[in-house]
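Trainee: Chain residues, written in single-letter form:
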Amino acid sequence: MTGIRESGDRTSVDDGLQTNGQGPDGLTEEFVSEWRDSAYGCFSSGHKFCREVCPVMQVTRNENHTPTAFHANIVAMEKGHLAVEDVAEDYIHCVQCGACELRCPNTLFTGDFYRHRTRTVDVVKAMRALAVDSGVEQPNWKRWVEATMEASNEPVVEGVSQERVRDWAEGLDIPTGGETILFVDCEAAFYRTSVARATAMVLRQAGVEFGLMQEQWCCGGPAAEMGYVEHARTLAEHNLADWRSVGATRVITLDPHDYISFTVDYPNYFGDQYDIEILHITELVAELVREGKLELTQSVERVATYHDACRLNKRKGIYKSPREILHAIPGLTFKDVDHVTQWSYCSGAGGGMRIERPEIADEIARRRMEKAADLEIDTLISACVWSERPLSEQGADREPSIEVRDLMELVADAAGLDYGGVQR
Amino acid sequence: MSVVALSDSVVDELRAILGSDYVLTNKSSLFNRARVPAPFPVHRWDEHVADIAVLPETAEQVAEVVKLANTYKIPVVPRAGGTGLSDGAVPVTGGILVDVKRMNKILDIDLDDRTVTVQPGINMLKLNEELRRYGVVYPDDPASYPCSLVGGRIGTGGWSLIGARYGHTRDLVISMQVCLPTGELIEVGDGGGRKIRKSSTGFQLKQLFMGHQGSLGITTEATLELVPRPEAEFAAFFGYPDYETAYKSTGALAKSGLASLAGVVLFDEWKVNYLRRDDEAYIPQPPELRCVVAVAAYGTLAETKPASQVIMAIGKETGGNYLGDEVSQGDWASRHDRYATPLHGRTPEGQVVPMSWHCEDAAITYSALPMVREEWHAIAKRYIDDYGVFDDWGMFAYTNGAHKPWGDYLVEIDIGIWEQRLDDAMWEAWVQCKREITEVSLKYGGSITACHGSTREGDAEFVPREMGGGFDVMKKIKRVLDPNNIMNPGKNSLDEAYED
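Taken in order, these protein sequences are the chains called A and B. Just remember that my numbering sits 146 ahead of the position in the first sequence, which is counted from 1. Just remember that my numbering sits 1 ahead of the position in the second sequence, which is counted from 1.
Chain A on its own, in the form it takes in the complex (with noise of 0.2 Å):
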């Protein structure tokens, strides 16, 4: 057997690339030689037990938009099969959610002894990525991509600037700078900005000192998920020079999908030079609930249950920690969802589905809320501000209308403070 070498836990194959025909060349043959190991642990398998949990495919039922078909792709490009134009669409049909990831055998049954997890969110970075670099661009992001780097900030409002990017914390003094930053993704800085101010109030309560950049960027998080690398390296350049400069060691994200970025992307992008320690806010305040430096005492009378954000629960494992929160409100009747079952759910507004196809972001949510409605609730609480948009449209059009709520909009109702903002 030669050409055989291992490579970490697993064997890589050195002679496998046969062309048919038309072999890849440039940057699809880099891509397909840096892939196609990987894929293949999936194609060999193609038990599609990914297919049922994917929150694309349960609306689309189309098997190019499987998980499954993302990794045979490849498999098709290094025999020459097919070439990033002819793939470039299948991978529009996904929101990075994570969730075939965790329900693929190789992860559940391997992944204990090897460690293994499979990489399917990368994989479609990776191929909208080579997309962009080969010419193939969906025209959504595009512009979408480009009005953030017009404005430094996702165009997720009109008149989106940096002049405005603090708005949302008028009247708080919250001062610039200091070794915890909070990072407030755009979506709450313009939109949704009671979350931003929610936060603020809560962190503030329970004496945690913390400062805002002196320019906050977007996090580049949307830009790399639509295949832009260096626009979203662009962004994170500022950002973490920004942390640097104002002297912060810790940067604390109100938003998951920043989290992702920061935990996963700035790594990715700055090696071992990155050295800030990223906290996500659900992990943070159920820990100063725990240690009785914030008191929950205000009674919320409220029949909920809990969307676990996709990137939270499925990319990063954190699910306790809401949890821990929400059973330390008083007056809540939370009726739970175990965050296994909710691996298939999502709001639809991740991976840039919302953008480039909305009519599928809104079934995935109407999807979402009508689980949720089953559960006779009034309230749907999120960790996720991207996810209360398109929740709170489908919420707003039900009879009986469900009201969709940011766990710390809820924390602060339960603390007592007023905190005022746009809530939306």
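Don't take each hint at face value.
Taking lysine-lysine and the BS3-like style, the derived pairs with C-alpha atoms no more than 30 Å apart in a straight line are [to be verified]:
id	chain 1	residue 1	chain 2	residue 2
1	B	Lys74	B	Lys207
2	A	Lys462	B	Lys127
3	B	Lys28	A	Lys288
4	B	Lys249	B	Lys444
5	B	Lys249	B	Lys317
6	B	Lys127	A	Lys517
7	B	Lys106	A	Lys517
8	B	Lys127	B	Lys196
9	A	Lys481	B	Lys127
10	B	Lys106	B	Lys199
11	B	Lys249	B	Lys382
12	B	Lys476	B	Lys199
13	B	Lys199	B	Lys405
14	B	Lys106	A	Lys481
15	B	Lys28	B	Lys68
16	B	Lys127	A	Lys466
17	B	Lys28	B	Lys74
18	B	Lys444	B	Lys382
19	B	Lys256	B	Lys317
20	A	Lys462	A	Lys288
21	B	Lys127	B	Lys199
Sample of chain B residues lacking proximity to chain A, with all beta carbon distances greater than 10 Å (derived) [what the hints assert, rightly or not]:
id	residue
22	Asp191
23	Gly192
24	Glu245
25	Glu289
26	Ala303
27	Asp326
28	Glu327
29	Glu375
30	Asp386
31	Val481
32	Asn485
Keep in mind the hints are simulated off the structure, nothing from the lab. These numbers come from a predicted model, not from an experiment. All C-beta atoms in this analysis are idealised placements derived from N, C-alpha and C, irrespective of residue type, glycine included.
For this one, chain A is given, so just place chain B on it according to the hints.
Mentor: Chain B alone, transformed into the frame defined by chain A:
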């Protein structure tokens, strides 16, 4: 691709039937509907690609597509989950691939008469998520439970892990609507009623439309059995020092007469060795444990509690060592996807390489199990030694009879195949290996396939021999129902029906 090329006018007619969004002609759509998890000649991928794929939403759309195909004599390949372990859903002569995944609606839940009527593209796990609130379950539970679809289960004649208690797919489907190869929609069941379980009116047509591998039509609706959601599930795993003891224990458990017995599974020494490579439930097991038997019982508490005591007593009296609650409950809970992971594959030198999975599924009588086991492993060893791209992942024997688990077994040898290394010579070697395995099944009076279907090289050519005079009847039926041989041609050796 197909003998009859698809003209632009055919494509236009398909778009008129389905809407242009659901008529797929792009390469990615066709290449991604070319294979199933069974070993695949990846070096000849383009020979297994349909000319066009359609995604219908209604039975009427399916009927219109099939009528069109029959008019123009274009092959039709039905595809549901594409999770089969044989090639029923793999195009071999191009044509129109009918992908039924969009047909996933629940049409009717009847709690009075205990039926649920569904479209063929629904998955059993998803169906049961909906049924849960009513306290009922559709208990068709293959290894592919989280991903296979009802239509594929019917087309392949599926087998269920808990079939000893609840029956297999054919026992659980009460009636169906079927689109015939000429495009007519008919209803078949026991007699005429859609919700009747037993009838002597006319021929028993329902079984004819089970397990035909898409060669006689496409199921467009199915009325399924609803059973009370079991109050209790009991699973016990026993370890044994040798195959002989485990084999005898398996027989004793299967013959216990317990009505709540859902299945008995025998793991042989090769299987346990395979799991010991890197499955954390098996690595810590002591070396004297060489074989395993798993038993499960389902039902009311009144049934399963005493049944569990009987099972424990038989297991221990016949030499079994109970492996504990954690292994028993954990392994049984993960039964759908624990035992065939590509990353467990090894070359003869012990290198880890991703291998695809051949799952042999012959039906063999209890008395023949030891001989079949020895002969199959000997065949596998020869091919492993000679070619270096195969791997023996061991054998399972599962009780096979619905409600009568004592006589015959679904016998599985799992063979890993390093597809990345396949070329024509390696593929031919694999097919030859498969033929030798099949010969052994027939030699001992068994059947080639208990549930996957005889649709691929190494199986299909043996169908006439296994069926004997029955194959002539099959050919006549095929020719009458499908005069132009459009329904999934090239499967089950049924092309022979048109040779004279």
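Trainee: Is Lys481(A) close enough to Lys127(B), meaning Cα to Cα at most 30 Å?
Mentor: Roughly 22 Å between the alpha carbons, so the hint for Lys481(A) and Lys127(B) holds.
Trainee: Checking the smallest CB distance to chain A, is Asn485(B) really beyond 10 Å?
Mentor: Its Cβ never comes within 10 Å of chain A, the nearest being 27 Å, so this holds.
Trainee: Beyond 10 Å on every Cβ pair: is that true for Glu245(B) relative to chain A?
Mentor: Non-interface label stands for Glu245(B): nearest chain A Cβ at 29 Å, farther than 10 Å.
Trainee: Between the alpha carbons of Lys127(B) and Lys196(B), is the straight-line distance 30 Å or under?
Mentor: The given pair, whose Cα atoms are some 22 Å apart, holds under the 30 Å limit.
Trainee: Is it true that the CA of Lys28(B) sits at most 30 Å from the CA of Lys74(B)?
Mentor: Given that 30 Å is the threshold and the Cα spacing comes to 23 Å, the pair holds.
Trainee: Holds or violated: Lys127(B) with Lys466(A), Cα cutoff 30 Å?
Mentor: Distance ~26 Å between Lys127(B) and Lys466(A) Cα, so the pair holds.
Trainee: Mind checking the alpha carbons of Lys462(A) and Lys288(A) for me, to see if they're no more than 30 Å apart?
Mentor: holds (28 Å)
Trainee: Is it true that the CA of Lys444(B) sits at most 30 Å from the CA of Lys382(B)?
Mentor: holds (20 Å)
Trainee: Take the C-alpha atoms of Lys256(B) and Lys317(B), compute the straight-line distance between them, and say whether it is at most 30 Å.
Mentor: Roughly 15 Å separates the two Cα atoms, so the pair holds.
Trainee: Please confirm whether Val481(B) is truly not at the interface, meaning its C-beta sits more than 10 Å away from all C-beta atoms of chain A.
Mentor: The claim holds: Val481(B) sits with its nearest Cβ about 33 Å from chain A, beyond 10 Å.
Trainee: Beyond 10 Å on every Cβ pair: is that true for Asp386(B) relative to chain A?
Mentor: holds (13 Å)
Trainee: Holds or violated: Lys28(B) with Lys68(B), Cα cutoff 30 Å?
Mentor: Cα-Cα ~25 Å, so holds.
Violated hints: none; the structure is consistent with every hint.
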